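Student: Each chain, written out:
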Amino acid sequence: MSKLTTGSFSIEDLESVQITINNIVGAAKEAAEEKAKELGPMGPTPFPGLETYRDDWNFKLLDRYEPVVTPMCDQCCYCTYGPCDLSNNKRGACGIDMLGHNGREFFLRVITGTACHAAHGRHLLDHLIEIFGEDLPLNLGLSDVLTPNITITTGQRPKTLGEIKPAMEYVEEQLTQLLATVHAGQESAEIDYDSKALFSGSLDHVGMEISDIVQIAALDFPRADPEAPLVEMGIGTIDKNKPFLCVIGHNVGGVTYMMDYMEEHELTDKVELGGLCCTAIDLTRYKEADRRPPYAKVVGSMAKELKIIRSGMPDVIVVDEQCVRGDIVPEAQKLKIPVIASNAKIMYGLPNRTDADVNETIEELKSGAIPGAVILDYDKLGEISVRLAQEMHPIREAAGVREIPSDEQLKAWVDKCADCGSCYLACPIELDIPEAMKFAKQGDFSYLENLHDSCIGCRRCEQVCKKEIPILSVIEKASQKIIAEEKGWMRAGRGQVFDAEIRSEGLNLVMGTTPGIIAIIGCPNYSDCAKGVYYIAEEFLKRNYIVVGTGCGSMDMGMYKDENGQTLYERFPGGFQSGGLSNIGSCVSNAHITGAAQKVAGIFGGRTMDGNLAEIADYVLNRVGACGLAWGAFSQKASSIGTGCNIYGIPAVLGAHSSKYRRALIAKNYDESKWKVYDARNGEEMAIPPAPEFLLTTAETWQEAVPMMAKACIRPSDNNLGRSIKLTHWMELHEKYIGGLPEDWWKFVRNEADLPLAKRADLLKKLEEEHGWEIDWKRKKIISGPKIKFDVSAQPTNLKRLCKEA
Amino acid sequence: MVDTTKNTKLFTSYGVTSSKAVNPDMVAKIISKAKRPLLVVGSGVLKPELLDRAVKIAQKANIPIAATGHSHIGFLDKAVDAKYINLHQLGFYLTDPNWPGLDGKGNYDTIILLEFKKYYINQVLSGTKNFSKVKAISIGRDYIQNATMSFGNISREDHYAALDELINAL
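Chains as they are written, first to last, in our numbering: chain L, 25 to 830; chain V, 94 to 263.
In isolation and in its complexed conformation, chain L is listed as follows (with noise of 0.2 Å):
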């Protein structure tokens, strides 16, 4: 193998020949493994490949946490031997069966999510050291541990944006792979797809980190600041007067140069800017790190984009990558607003003007003569989009588009309605159109406007209606008056939690006297209203729990208020803390959720974290009570952060819709053999409780997911303040939401020390009565009766390597 490295040199003997070599193939990853010598201890699997974790981790959790297949349909229309009917299992003309078959689905949706993120990283890396050059340090805030997840996967510790590069083109080389596997004709084992799975799910918080800390290195974002300035939110806060350019997507490169432009214009005050999905969290994060007033605004989740431009209100809408519709040309160009594509992912069939003139272009597109452009020169879309939005802003309003329907017309639309109840069949979240259609009718619009929060705007209905009525308008029509009232505050991304956070949180975390921490992510794809994501956050937060969200489920959070008209930003703290609400960013800050769990393991359990993924995640299952909630899960991306999660035994309830991704992760509680991990003092089996659960499962009802995860919190190693704590919180919960005592509770009890205090003397009685334990009634203590001993300096692991004795 070659030992050059990176550079250029000269053959001095031949003359006038020079070799000019800019990169050799893998010289970049050769280096930073012959640096990473030099660092100190490394873990068994720096650069993992496809079967690097397979046995060592990735089996073991899944003998436990098995999958459980829910196919989508019963086909297998993937080549040409097919469509095969693979009902009951059956094995189609290749071989594969049923189970593989789905596996192979899931296992498609989560390197999609990763490619997603990695494409991100590699667009972003690339870009700022174009602009930055590779030396610029990553100034990521207070922590010495600046990258967890690139550390565990490749063992490296970049320090410079240069330094990234061997870590993007890891990720890049494992996806390539990892997608060869589809191929007809290759795996075909069920397990193996969810081995696979979980691999990738481990590099797709990869690139997630890359994408986030080169942009806050770069662009100035707020660096582990739990005190990030407050971000306006809503569609009732963009002000009509002034001419909005609205930004839809997951990408901030083209957004900076927008800001920039307006800046150096002096048009802050003038235009308003907002967008959806993660590129509206980002420009609210940048150059935000002296926490300077935020001017640009959040308009939503991506439920909202239909919403907002059949509101009329954009003047113009640019779009980069990743969550962004593909009807916004032809909804966009109904309403004469001219559409940006300014990423090469999303081209959107748009004529191509990035190297042409810019005032023909705002002529173009001011006259109609395009619908669109796309405009992949950063400089002339700063200036282009915030020109064309100044423009368009008189020329529309004369038009008269910039208004949502009159009421004659929404009387109009309503009374065509034949009551086919076509609408309510095609529904994704089952909305009763007919009947609030119905209601509409005799003058009542209460019904539609009640819709209005749980439609996630897709327009299913609208092509379903015989009567071509423009039905998502009519319910927004019928709910202008929320909508104007729809306002809320955010915290801007913080960022990555720092070391001295963990420090602070770590025992109480491993101890269990911290309750948990409530990681709530994800998209706008709830199955009931958006407001389930605020009441879970509110009962977690006045718990002590220390919640943290990202994307669409950080927005939404902050779009409720309390009686006294306070958002959950304004009425907890921002820091990882017990009862704090931290906004951690976009979907890519994500990475910094697995990253906090992580380096609880690496800080505070002092483990080696450089390639040594199987006894960080090991560490964080047993003893770091963390649960992740994605009520929405809706984007392939969902599937990769969720995976990522779970290969580091941090389990995740999603909502009922997400039972659409064909798979979960789900123990049997029943088994007495699957709950039973090493003593790593001596190597000898201990019986644990039956918690988690579940690595990846769906429930049907906000009310149900509390009590749902306030158990999956639960770890082995609590101690008996911590298991009780943690107790209390979920009999309550149950109590609260389910009703009566849970089933179960008696199997985590393994002393009378772990008991809720304020019902010790009940539980006692229920446990010698119910369940035969022997009690001693004078000194209130349990004689026998628990399988599960108590040791408080028991060393709970999954991994017999690690005992002493193994």
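Treat the hints with caution; some may be incorrect.
What the hints assert, rightly or not - Examples of chain V residues toward chain L, derived with CB under 8 Å:
(1) K102
(2) F104
(3) G135
(4) S136
(5) G162
(6) I166
(7) L180
(8) W192
What the hints assert, rightly or not - Label pairs and their calculated CB-CB ranges:
(9) V:K113 to L:D586: 47 to 57 Å
(10) V:K99 to L:G809: 51 to 61 Å
(11) L:M66 to V:G197: 45 to 55 Å
(12) V:K113 to L:K264: 52 to 62 Å
(13) V:G197 to L:D439: 50 to 60 Å
(14) V:P190 to L:N588: 51 to 61 Å
Said to hold, decoys possible - With a straight-line cut-off of 30 Å between C-alpha atoms, the simulated DSSO-like cross-links for lysine-lysine are:
(15) V:K176 to L:K684
(16) L:K505 to L:K294
(17) V:K140 to L:K760
(18) L:K790 to L:K802
(19) V:K176 to L:K692
(20) V:K99 to L:K462
(21) L:K294 to L:K511
(22) L:K585 to L:K264
(23) L:K790 to V:K171
(24) L:K811 to V:K176
(25) V:K198 to L:K811
Keep in mind that the hints were calculated from the coordinates and are not lab data. For clarity, every value in this text was computed on a predicted model and none was experimentally measured. Each residue gets a CB set at the ideal place from its N, CA and C atoms; glycine is no exception.
Got chain L sorted already, so can you dock chain V onto it with the hints?
Tutor: Same frame as chain L, but now just chain V:
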């Protein structure tokens, strides 16, 4: 008598109609013949009209209730054997012949399903359909293609009437 076998239009835009449309009297016969039946209810059952009917079905047929979602809270003061379990978890456990069931007496051969989001129950039943022998009978107001048998898509009023017919036939 309500014809619950009409209008079996799928709510999804894919898949096959593998579920057989069924009338209330047939459901009553299936329940009476089942060795280990289980009434599975979702959170939608908390509407008073449905809660009362679910209780009557459980009482007349003398079958236990698996209360999924947060539906269990509705059965606390009712004279029925209702236990909470998560639906996804239940769907998985039903595919395991060794599951001791909610009462420790073994797995179930027939489940009767009432008041779920149709996309959720349909997805969970795709697992039991393909990987178990359990018979799933949906008596909600929507046609569920992955059930073994199902009512068709019916109005709320017809649904209440059909449930009453079922109760009378038990």
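Student: CA of V:K198 to CA of L:K811, is that 30 Å or under?
Tutor: At roughly 22 Å apart (the allowed maximum being 30 Å), L:K811 and V:K198 satisfy the hint.
Student: For the pair supplied as a hint, L:K811 and V:K176, confirm whether the alpha-carbon distance does not exceed 30 Å.
Tutor: holds, 24 Å
Student: Do the alpha carbons of V:K176 and L:K684 lie within 30 Å of each other, as the hint requires?
Tutor: holds, 26 Å
Student: Given the hint that V:K99 pairs with L:K462, does the C-alpha gap stay at or below 30 Å?
Tutor: holds, 23 Å
Student: Given the range 45 to 55 Å, decide if the beta-carbon distance of L:M66 to V:G197 lies inside it.
Tutor: holds, 49 Å
Student: Is L:K294 within 30 Å of L:K511, Cα to Cα?
Tutor: Holds. L:K294 to L:K511 sits at ~20 Å (cutoff 30 Å).
Student: Should the hint that V:I166 touches chain L count as held when the rule is a Cβ pair under 8 Å?
Tutor: With a minimum Cβ separation of about 4 Å from chain L (threshold 8 Å), the hint on V:I166 holds.
Student: Measure nothing beyond the straight line between the CA atoms of L:K585 and L:K264; if it is 30 Å or shorter, mark the hint as holding.
Tutor: Status holds; Cα separation ~23 Å.
Student: Answer holds if the nearest beta-carbon of chain L is closer than 8 Å to that of V:L180; otherwise answer violated.
Tutor: Constraint on V:L180 satisfied, holds at 6 Å.
Student: Does V:F104 pass the interface check with chain L, least Cβ-Cβ distance below 8 Å?
Tutor: holds, 5 Å
Student: Per the CB criterion, is V:G162 less than 8 Å away from chain L?
Tutor: This hint holds: V:G162 lies near chain L, its Cβ roughly 3 Å from the closest one there, short of 8 Å.
Student: Can the suggested window of 51 to 61 Å be confirmed for the beta-carbon pair V:K99 and L:G809?
Tutor: With a Cβ separation near 57 Å, V:K99 and L:G809 satisfy 51 to 61 Å, so the hint holds.
Hint violations for this structure: none, all hints satisfied.
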